Structure formats: C-alpha cells, structure tokens
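Fit chain L to the known structure of chain V by using the hints.
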Amino acid sequence: MKIDHSLPLEYSTDENRLKILGFWIFLGAEVMLFATLFASYFILSGGTGDGPSGAEIFEITPVLIETLVLLTSSFTIGLMVHAMRLGRQKAMMGFFIATIVLGAIFLGVEIYEFVHYVHVGAGLQTSAFSAILLTTLGTHGAHVTFGLFWGICILIQVKKYGLTPRTTNKSFIFSLYWHFLDVVWIFIFSFVYLKGMM
Amino acid sequence: MEFFERFAIPHPSPAIYASMVAIAVVSIAIVVGLTYFKKWGYLWREWLTTVDHKRLGIMYIIAAILMLFRGGADAIMMRAQLSAPENKLLDAQHYNEIFTTHGVVMILFMAMPFIIGFMNFVVPLQIGARDVAFPRLNALSFWLFFAGAMLFNISFVVGGSPDAGWTSYFPLADNEFSTSVGTNYYMIAIQIAGLGTLATGINFLTTILKMRAPGMTLMKMPMFTWSALITNVIIVFAFPVLTVALAMGTLDRLFGTHFFASTNGGMDMLWANLFWVWGHPEVYILILPAFGIYSEVISTFARRNLYGYKSMVASMVIISLLSFVVWVHHFFTMGQGAFVNSIFSITTMAIAVPTGVKIFNWLLTLYKGKIVMTTPMLYSMLFIPLFTLGGVTGVMLGMSAADYQYHNTMFLVAHFHMVIIPGVVFAMLAALYYYWPKMFGFMLNDRLGKIGAWIIAIGTLVAFMPMFISGLDGQARRMYTYSEASGFGIWNMISMVGALMLAAGFALIVYNIYYSFRHAPRDIGSDPWDARTLEWATHTPIPEYNFATMPKIDTYETFWDSKKKGTTLFPDKIEKIHMPNNSGIPFIMGIIFFLWGFSFVFAMWIPLIICTLGIFACMAYQSFENDHGRYISIEEIEETEKELGGKR
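So the protein sequences, as listed, match chains V and L. In terms of full-length UniProt numbering, the first sequence is residues 1 to 198. In terms of full-length UniProt numbering, the second sequence is residues 1 to 648.
Keep in mind the hints are simulated off the structure, nothing from the lab. Since the model is a prediction, treat every value here as computed from it, not as a measurement. Mixed in with the good hints there might be a few duds.
[Said to hold, decoys possible] Listed next, the in silico DSS-like pairs over lysine-lysine satisfying Cα-Cα at most 25 angstroms (straight line):
# : chain 1 : residue 1 : chain 2 : residue 2
1 : L       : Lys552    : V       : Lys2
2 : L       : Lys210    : V       : Lys2
3 : V       : Lys2      : L       : Lys576
Chain V with its partners taken away, still in its complex shape (with noise of 0.2 angstroms):
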C-alpha cells in the first residue's frame, strides 16, 4: 500500500480515493431516489381521501426539535473531520460519539412523531398523501437509523486501531453520509412541514 504523505490521512492511498468518489457517485444515486420519493410526495399530497391533510397533523414543535438536532449533529460531524485531521483521536471519537447520540435523539423525536400521526389517524393504509408522508419521513429515519448502527461500528473500529488510512477514510465517508442526510432533511423541514404547514 503506497501512502502519500501530502494528503490526510482519509486521501492517502489508491484505494481510500477510489472509495471516497464511488461514495460521492453513491449520493449521485440516493439524490434521485430522494427526488423521486419528493415527486412522488408532491404529487399525492393532495390525494388525502378520507384523512387529514398535512396541515391538519403536523406539529412544529417536535419538527423544530428534529431540526435543531440534526443540523447540530451535521456540526459535530463537521468538527470531528477536523478533529482526524489535527490527529487528536479522542477529541475525534467525542465528536462522533455527539453526533451519534444526536442521531438517537432525533430518531427518538421522530419516532414519537410517527406515534402522533397513527394516533390522530393518519397511518400508511389511510390515504395515498400519509403514506408517501410516512414512506418519505420513514426512508430518511431508516437512512439515519442505518447510519446510527454503521456508525457505532467505525467507531470501534477507530478505538481499536487508532487513526490508521483505513479507519479515517471510513470515518471521512461517514461524514458525507451523515452531512447528505442533513441536506436531505433541509428539503423535508421546506418542503413538506412548512410547505404543508402554510
């Protein structure tokens, strides 16, 4: 394995900048599929049927919550980069050890608000406009709770072996993901809550 020193850690060799382009082609691809789910939602969220309307259920507090904790994890991930790049391991792991449980907290706000929507009868089966809402919401929170598991384990894996080419690039490849998803919920805060909401 050839290592150039003049790049970080996570650029050094071959293979971590092969992993980190295919990353970036990979967000290429979850771009479309999130725009498909948002073409899809923008084109049956009228269709409420017999149920409520998305002005009619949503509530701004546990969104605002969401909001708060997501951008600031999308911050903490932020520093943690920078952190693996001065080479200070344990303020690294603290920072992603935040946005991790800032992860858990949203995913625990939106969980509720799941509860919410079946709760005031909007569940999947009760008109197309909830369940797109539900499939768009819940395809962002199954992307963060997939994201929560991967974490922990390059987590592990950083305290295991340290700040090594292999573990920075996984943890730099974690930091698009987790940053691509804060994007993703960006557009659902504008477009579906304050859209719906207005």
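Just chain L now, with coordinates in the frame of chain V:
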C-alpha cells in the same frame, strides 16, 4: 399443510408440472455431477468466491445465455399459441403470465447481464486496469443479480408467475386484479437485481474515471469504454427511480397502502410515469453498450480507425440526456393532453438525430476500409439495415397523433423487437464471437457462425415484419387469441416460422460452441483478429493481474500504433502487484437475499426479519474484516509471463 398451500400454483397445467419435474431432475443432476467429479471445492474456490472481473464477466454471460433460452421458450409458446386463430394451446391466464415473464426475463435477466458481463470482462482490460475499483462489490452485484433472476424464475412453479405485463401497470397489478403472489415476485425479484445493477453502475463509473492507464485521457478511451461510462451514468441516475417505484408497489400489495390505487387519493398514472422514467433510460442502458461493441467490431474489421470519434462520444452524451425526457411517449393515449404529448413527441423524434449520426459514422468507417467479413462483422453489417427499420418505425410511433393508431398493437411489438434484436442481441452475439478467443483461448467456427448469423437475421425479419402489417390492421398485443374473420392468421403463421428460424439459429450457436470446443485449434495467439485496443495487448489466457506492467498510452489506438510502428507499449519494469483476496461474503449474501425475497413474496415475516438481520450481519462482518489483499511477487509474475510466452 395449510402453511404449504400458499406455495401451490393457482393455475396449474401439465406443462408446469413437467417443468417442475425437469427442474428437480436438473438440480439433482448438477448436485450429483459436482459430487461425483469432486468439483465442489473447485467451484467454490475458483468461481463462487471469485472477485476477478474476468470470471464474473463470464458468469454473467453464462447466466444471460441461460435466461435467453428461458425467455426464448416463452417466446416460442406465445408464437405457437398465436400461430392460428382461436388456438387452444394456452389459455388467457397462461398467455398473460408468459408474455409478462418473457418481457422481464429478456430485458432484465438476459440483455442486462449480457451487457454487464461484457463490461466486466472488457472494460478493465481496455483501460489497462488490474480489476474494477471495488472487486468485492462487483461480486456482490453479480450475486444480487443472480438471486433476483432465480427468484423471478421459480415463480411459475412456486405460487404463480406475474401476469400484469412487464410494465406491471396499476391498478391491474394491485391485489384486486392480480390475486396471486406473482406480482410480488415481480416487485421483489427486480428490486434485488436492481440493487446489484446500481452497485455495478457506481463501481464502473469509479473504475473508468479513476483507474485508466497512464496517458489515457477521457478522449483517448476506446469507444466501448466510452459507451460503458455513459451507460453507467444512466444506471446511477435511473435505477433509484425504479427502486422507489417498486418499493411503493410492494407497499401497495403487501401493506395495504394506496399509492397507485384509484381510491383514497392514490394515482395509478404515477406508477406508469415512475416506471417509464426508469424504463426509457433503461432502453439506452441496453443499446449504448451495444453501439460500443459495434464501434469496436466495425473499426477492427474495416481495418480503419473509427470515423468521427468525437461525434460518436457527443451523440452518446446527447442520447443519454434525451433518454430522461421522453418517457411519456410510452403512454401518449393515457390522457396527458395535446400540449404535453407534443413536447414528448418532439424530444422523442430528436433522438433519431444523434442515432443517425452514429449510423453514418459506422458507414463512413467502412468507406475505403479493407473489410474482413468475419462473423462479428457480419452481425454488425446485418445490424445496420435491420436496426434502421426498427428505428424508423420508432419515429413513426413517436408522432403522438399517429400513435393513437399504433398504440398497443403488434406494430409496437414489431418495432421494439426490431430495435432490440438487431440492436442489442446481434451486438451481444457479435461480442460473443469477437471476445470468445480472449475468454477461452480458441475461436468459434466462422462458417457455422455466419450461417447462424444469416438464419437469425432472416428469422428476425420473418418473425417481426408481418407484425407491422397485422398491427396496422389492428391486431392488439397481449391478446391470447383472435378470430378467424380478422384475417390475422396468415401473418401470425409467418411469424411462427420466423420464431422457429430464430430458435434454430440460437441452437446452431450452441452447436458451434460444442463443435469449436472439440475441433478448434488452440494456438491462436493473443491477438487473433489483429485488433486495435488494449484488451488484445495482454496474453491469452489472461493472467489474473491482466497486465504485468502498466501500458503507456499516447493515442486513441496505442496498441495498434505499437504494432504498426513498433513502439513499446509496456516500458516499465515488473513490480510486485497488489490483488484483492477472494471472498465468500458476496455469494452468501446472494443466498440470504434470495431467501429474504422469497419470504417477502409470501409475506412470511419471521423468516424475513431473520434474513434481514443476516444481511446486516454480513455487512458488519465485512466492515470489521481486516483483509488487506495480497501481493504477487516479482518472481511469480516473471514465471507466469514466461509460461505465457514472455513479458510484453
């Protein structure tokens, strides 16, 4: 017993029971054969766990040929049923199932793996790479495709085949009208295979963008690699749409949502739109690599460099962009109104322009060339007129006002077969003949190959030209029979003759493989066609590391130049080579995905959860595994090179 009742076929027939017996017999024969010849270890070490792009490519191609015969059997049954008016060979339900599986199998499990197989085999060699960017992911792609294909293929003996057409339009595909688990198979099997294809797209984009030999700029890439690059861009941007559509369809069928229902706010046209937003680019995923193959074959056997390299690239880029903005032409009659139809009519017809550019480029490559008429070249020469027939009728269909006459008639069926068979299938057969010596070290017999090519070409015309006529006369597609008074009988009988000719042509190819395996000479060297691109610069058989040292590229056809001018292609000294290790994980994940899909089809939730956990366990294992690959030492490389006739 109640548990097992769900696996029964809702609509049995003697043919299906016979197939069950045949499947059981063949499976037992394979197991017994492998045990008797003690080949299990060989199979596991050399094939099931391999991450080598060449072996994966060959496995893709073998799977594609198997699926070609499955889809071909469907085709023969359909043509036999239609060959006479009011025929009673198949009933309406069987006919529905057969045209559905024929479409899905031929597009997704025959054409796609054929193309991806050649991409796997050829692209890393053409760009001078040792493997793809992510070899293990590549193996996973194959096993996901294979799991999806096998899941789809068992549908007709376990639980019933899908019967809503390969487009599976809602509300027909909803539980109300498609009561068997067939459409569940459709949703889930294609989902699994689609995940594999998406991974292939990411893998090959990274490979082509990052792993080209020193000096090979984008505009010095061989045309097949260009076509693969653009195809993979389309894959990455089109397949997620299918993922979402299939997931929504699955939710509708198994979880009682109303995405595509006509009640509770659902919209059935959303499925049609999402399906074709993926489906039309999919057409170009199939045809662009085929164009790439033709470009290689025509330039090799015209003994000329490809005419209009830049316009070839530009036309492919334009086609890939246009492919995303034409999807509505698949349902002009389904209520968009004149304005929307007009826009999509114009974008559709616009595709003929870049395609025409490519046709003229091939013709001008031939002009003043020293044409060598080998089998691959013959397929390419037959492709140009036949494909043009299919393409021109496509422009006819693209005129939205006129489409009201053609829509859902045999005219449409004739059109897309006339583009797919000469376009894609001829290209794959040309590629099979062209790359066979590189894959297996002997050539397929040229005389038998040419006879086969002519039989297939004439068979294509005989089978599909009559459909243009009966379609214009109003014969609807997907109808299992027609009256004698309609007068369609004669045209369908002619089609039947064509279908049998096609079957004979494909059988001849199989015989040719057998014949050449027995009789063909093995001392053909590494460049039997006197070809122009890098894949012919390495030895045959290709060593696992492809190239002992990296080739240095300075023109579009460096290998050709090095042969003509005697320049050195491989100036470097041998160094140790890093290679990835084999892994059983992709194969195991393929099996788990198969079981996952099977559980999902029958809504067996506990096995489904267990399989899901199994998949995540494999991913976690993969994450924690400390596999850094291995090195091949200089001595080892030198010995291999000496055995193969000296270092290049």
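_Hints the structure fails to honour_ = Result: no hint breaks.
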